[in-house]
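Hints are included, so try docking the two chains, each in its own frame, into the full complex.
Read top to bottom, the protein sequences are chains A and B. First residue of the first sequence: 17, per the working numbering; consecutive thereafter. First residue of the second sequence: 11, per the working numbering; consecutive thereafter.
Bear in mind the hints are in silico, worked out from the structure with no lab data behind them. Beta carbons: idealized from backbone N, C-alpha and C, even for Gly. Treat each hint with caution, since some may be false.
Where chain B lies over chain A, by a calculated footprint (3+ residues, C-beta under 8 Å) [as the list claims (entries may be wrong)]: (1) 229-240; (2) 269-276; (3) 303-312.
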Amino acid sequence: MPPASARAGTQRVYRTHALGTIAELVVTDGAALVAASELLQSELERIDRTASRFRGDSELSRLNAGAGTEMHVSAGLLEAIEVALAMAEATGGLVDPTVGAAMDRLGYDRDFSEVLPGVDGQLPAAHAAPGWRSVSVDPERRIVGIPEGAALDLGATAKALAADRAATTIHQRLGCGVLVSLGGDAAVGGPAPVGGFAIGIADTCTSPAAPEAVGISSGGLASSGIGVRRWRLGTHQVHHIVDPASCLPSVPCWRTASTTAATCVQANAASTAAVVLGERAVAWLEELGLPARLVRVDGSVAYTSGWPAPDAERQMPETNIR
Amino acid sequence: MRRDSALTRLSSITTGIGIAIMVAVGALGIYVGKALPGHHAASTAGTSAATSGNTGSGSGVSGAQSSLNPPSTATQSAPAPAPVTSGSS
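Excised from the complex, chain B in its bound form (with noise of 0.2 Å):
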């Protein structure tokens, strides 16, 4: 008699380990599927100007890297005048 009880409450236990492990797969399930393409998420700016490039303008402007370089040629002096100035404006 007490073997079969305690057989009946380790039935029930295991049952509802089972329901709850179906539960928590459920609801983990759910929780993925909200995450799939489709579901977009704000992207920080920084990770999107990194990688973008030159989206839609095709000139080839590296300007949207996120970093500062110098040019790969020297800069020279000129003889002043100059055709063109810089300065603010």
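Excised from the complex, chain A in its bound form (with noise of 0.2 Å):
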């Protein structure tokens, strides 16, 4: 699909489409929006070819298809890597990137218009991921090891890290502020605008019509749910948020969580960690001191400390642990 830009205040918005969703930049200065989106677009195409698990020829799929011996890998994958499982060791183990077999059984293993009208197979059993404990890696040489068996899945960090690489990257070469939003996904890179970049918060990145906004000067905005990237695998309905503990889709609690941190990697891991953790979630974002709006499957919203949200809609944070 071709790119498109309009005018949004002083700011200028282009979107396109990338790794199977859309992208968007804002930037603070409209001249610098075309060598803004060539830096974006440069930087899609080198998160795709290095983590993609649905490109035969990403360097992730080989490094998959050699699960059980170690093998060189440029510095892009090992970056990919260190941040899933640095991300892995943050959430306790509720973001794991072994969870890779665990999305093939579910038959998430190709590109998701193909999964989307649903696959054939049965629920596989419950069993516990290798864990990102097993996977060894050594920076130095840039050699990764990963068990027999195994494959990582870097869907959870991956695009929240090309969002970051990219918002650094054109605020670095090009001077301007700027928002990248990647599926969602959004960084902060340089000077934002007075309130922030405006950003909608919606079930889907593609909602017409957010019902709240929210602005952001730094860091990162990301959400996860369960709503969009849902199939039926033989009788069941399985959605692609895996639990690590089970390898089976996370328990339906949080319909949309959404969260701001320090970076578009960390706001999307807590993002995705607060959907496997379910009811729980409240009280750990709010031990983190991170600011979140988590909207249940049944429409009610909670929030933490430090959301912007309506009066109306605030509910005191819940501290029951399940």
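Rendered as structure tokens:
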């Protein structure tokens, strides 16, 4: 689909499709839009070539195919893996890149457009993922090893990493303030406009009418949810946020979780972990001091401290531990 | 005679202990030699991830920190509709 751009106040917006979703770019200097869009495209191609699980020629696919042996990887894939492992550690294993084989068993082993109509098969028995600690990394030699039979899925962090990288690069090269959003995972680079870059909050990133909006001036904002990437596996309805403890789709609690953090990567890890954690996520996010908006499957909304919720919707932070 | 015999036995024991120490030191030397640089053992992911930072990117991305931190500026309310939307994708 051809890219399009439109004016939004004093900011300029560029949109295109990439990584199976929508990519959006907002710059505070309209003259920098074309150059910024080229830098964004370069980053998108880089991350897709490196970390896509669905491209047979990607580095990640080659690494997964060689599970059980150690392999030399590029600096880009090494960074993506290290970030994924760091977020696994930061979330206590709630967001774990070793769920790749579990994704395959659930039928999500190809581009989502091919999975959406449904796939044949049965729900696998519950079992724990190999775990992020089973991945060996030698950063100096750029050698990575994953256990035999395991596969890495960097979907929970690679897109957010690309947003962080693109925002930082665009600001450093062009000097303007920038917001990069990849499928709703947004990162800020450089100076933001007064009130921050406005971002609508909805169940889907393609929603034309987000009921709420927040402004962020630094770091990142990400949303995770179970409403979009869901499909039928045999007779079972499944979705793409897998609990590493069971290698099955997480038990539905939050329809959508949106979080802001110091980086887009951290925001995405937190929002994905919240979906896995269920009701306990509110207390967990409060403890971390992360602003968040969480929408239950019944539509009720919970907020954590720091998220500017409408007064009528605000609820007291929940501390009940399931 | 008895004293000579005892001294001979003591000498044998001392020699045996000396040989045993030399063998032990040699074995330890071989073991330590294998642990020197150039003989890497797979590191745990957590350790490498926590210390690797911006490996290879130079982009200044701090995502490789093994922690979750709030943004340095407050999340503010903003008027809807906004030019960009965050949600599931």
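Unsatisfied constraints (hint numbers, rising): none
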